[in-house]
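K.L.:
Which chain is which? The protein sequence lines are A and B, in order. The opening residue of the first sequence carries number 1 in our numbering; numbering runs sequentially from there. The opening residue of the second sequence carries number 382 in our numbering; numbering runs sequentially from there.
Wrong hints could be hidden among the right ones.
[Claimed, not checked] Subject to a maximum C-alpha distance of 27 Å in a straight line, what follows is the list of computed DSS-like cross-link-like pairs (lysine-lysine):
#, chain 1, residue 1, chain 2, residue 2
1, A, Lys355, B, Lys390
2, B, Lys550, A, Lys360
3, B, Lys530, B, Lys543
4, B, Lys483, B, Lys390
5, B, Lys555, B, Lys530
Simulated from the structure, these hints should not be mistaken for laboratory data. Because the structure is a prediction, the values reported are computed rather than measured.
Okay, here's what each chain looks like letter by letter:
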Amino acid sequence: MSDPFLGLPPTALAVLKGAAVIIVVFPLAAACSMAERKVCAWIQGRPGPNRALPPLLAWVPGIWILQRLGIFHLAADGAKFLFKEEPLPDHVHRFYYVLAPVVAMVPAFTTMTVVPFGAFFGPSGEVIPLMLANVDVGILAVFAVASLGIYSLILAGWASNSKYPFLGGIRASAQLISYELSMTLSVLPVLLWVNAPGSAGTLSLVRAVEFQGGAWFIFTMPVSALIFAIALFAETNRQPFDMPESEADLVGGFHTEYGAFKWSLFFVAEYANMIVGSGVFTLLFLGGWNILPGVPLSSLIGFLHAATGSALWLHPLAVGVISTVVFLGKVFTLIFIFMWVRWTVPRFRYDQVMKLGWQKLLPLSILNLLAYTIGIALIQN
Amino acid sequence: MAVIQVQRKTLTLAERTYLPQILGGLMTTLRHLLSPVVTMEYPEQRPAIPAHYRGVPTLVMDPNGREKCVSCQLCEFVCPPKAIRITPGSIPEASSNAQVEKAPQAFDIDMLRCIYCGLCEEVCPEEAIFLQNQYSMSGYSRAEMVNHKDRLYELGGTLPDKHFKWEVKKAAEKAAAGAGGHA
């Protein structure tokens, strides 16, 4: 496996990669929160946050664009969360109460390391993914670590020692367990197809992307994609599956008792989970860094090379940047859809969530798996 | 009493999957996303205030620059929250408006008490007090929220007058005096 990090000692590499995740994901998640506020505002016919502007920057020409987009509100909110008082209620289990937001961050950031976000071509034309930890278990690592995120919700709900957070925690655990099953089952057809007989078995997300040079899996496996998308909404606690928070009936759900920086950690973790979830959906069903169905990355690069006659396009750096841009474009489109759905669909009742999960999605995903297993067996043999 | 039995429509498969409805809803929100905003960015953009809006009560002058209030105190008495306090005063003989006889020495409206009911405007026999289009009142202290006479005239300005009744009185007095002189 080629290492793009110039042979640094492993410890330094680990620190660098960890810092990279935090430095990139934290602002991204925060930017998502501002995007959410803006999308919400536009859908509701409002301009959204557009006032804050540090007086020191007011002279910069064109700064009003950033001001209108609310960028400085974002900075002000972040600074506020850092510096405001950290309340620690008397009635909580202190250790677990403080632990819960940290537990929320760990899976959110850890899954980020195994998601490939771009690729370039090695000397012999092989695809080298851009990712922090190229582990062969790929998708399994994502599922295994991402499902740990539920512990933070349960811990927060229980450690708050108060009824609404407790109910929120209970709902979160029930919901996440219910939808985890459908989610995993819906991905299996993709992996069955990728692991064709005769090829080396792998669960790597990179392989899934390479298989989508032609048709994307969302076209060949629409039911899987639909189930995965619905389960993704549930797993990331997004509307219409906003059970753990349910601000209409549970005040703030599991984070009712949290404030200041600890609360913002939950918030960032939620958006980080959304980013990872959208990333995995993009890799599995939307062709990853292939720009269009039927146009794999190598064709795009070849076309650019032929069209401009410049060998610059073939440089690994250029390829890496192009693929990353394509991938991130898809991820942000998906995140926009997350927000779009949130401001469209009302929240389900708890019993509706359970009924949908166990009585509709689970049988559907099992049937889907059976149908594709038989189909793939017939085609690939 | 007849009971009308309404048959509950059985849902089609498409309706039961709930997905076409969600897509329809998404289209609706997309339309709103792309349509212009309907709100007003307040301090910079101000709403157009319709005529006869009941804003902050103000005192007005007539087109000759005479203060119309004659300090009859009807508004003070009618004011339900007792927001108005008038100290009556007399107009000196030398003034060109001496025929009016009285004018307020002080006229205070406590805007922390005012309920914008408009009874003062309704009761005023002189058409001297009007609730006009000023809708935003703020201050840093209770004292600042009391509008004194000069502030009330500043807010009120001048309104057209149909009657000029005091000019009519003055002319009548003058005519009477002139007639008496000749008789």
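K.L.:
Each hint: holds or not?
P.N.:
Cross-check of the supplied hints:
This hinted pair checks out: Lys355 (chain A) and Lys390 (chain B) have alpha carbons roughly 22 Å apart, not beyond 27 Å. As the CA atoms of Lys550 (chain B) and Lys360 (chain A) are separated by approximately 90 Å, the hinted pair breaks the 27 Å bound. With a C-alpha separation of about 24 Å, the suggested pairing of Lys530 (chain B) with Lys543 (chain B) holds against the 27 Å cut-off. For the suggested pair Lys483 (chain B) and Lys390 (chain B), the alpha carbons sit about 77 Å apart, so the restraint of at most 27 Å is broken.
A distance of roughly 31 Å separates the Cα atoms of Lys555 (chain B) and Lys530 (chain B); the hinted pair therefore is violated under the 27 Å criterion.
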